[in-house]
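Participant: Just so we're aligned, residue 1 is where the sequence shown starts under the UniProt record's numbering, counting upward by one.
I should point out that these hints are in silico values taken from the structure, not numbers from a laboratory. For every residue, glycine included, the Cβ atom is placed at its ideal position computed from N, Cα and C. None of the hints are false.
Cβ pair distances, simulated, as ranges:
id: 1; residue 1: T51; residue 2: A18; range: 21 to 27 Å
id: 2; residue 1: S28; residue 2: A83; range: 34 to 40 Å
id: 3; residue 1: G90; residue 2: R126; range: 15 to 21 Å
id: 4; residue 1: A17; residue 2: T62; range: 15 to 21 Å
id: 5; residue 1: R122; residue 2: T37; range: 26 to 32 Å
id: 6; residue 1: A82; residue 2: A17; range: 28 to 34 Å
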Amino acid sequence: MLDIALLPGEYAVCRLAAGTALPYALSSGLGRTDVVTVSWTADGISVICPTDRAPAQAVVETAWRCLRVAGPLEAAGTGTLAALVDPLAGARVSVVTFSTFDTDYLLVPAVRLAEGTAALERAGHRVLG
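Using the sequences plus the hints, can you model the full thing?
Facilitator: What follows is the structure, encoded as structure tokens:
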């Protein structure tokens with residue numbers, strides 16, 4: 001069983017063209033529960049952030065809710081994401097995931113949040129918040 005915290009507010013999944021400078025607003029004034037992650041590839045830059053911080057020049061998908069696995073998790077641990085993604089897939093709830101050094105995060109569409117959290121709870125996890 002995993003404890004999972006529902007973070008406040010909605011999140012956006014964004015795509016910027018390769019080589020685009022990141023807006024200062026992505027790194028300034030983050031609140032205690034805000035999460036921003038950035039991935040660079042040769043094809044472009046992906047950003048996950050609170051909706052109100054989405055870069056103006058980005059292609060943006062909004063209305064995601066962010067779930068954080070209570071951590072820290074052991075880096076050598078296996079199966080954590082599978083234990084979360086499998087029940088969501090079984091409930092046909094889309095998911096975007098990312099990991100940090102300490103823990104894992106999942107985004108589910110805001111319109112499917114109730115179905116997603118119910119699927120996680122049926123799988124034995126505890127969703128808080």
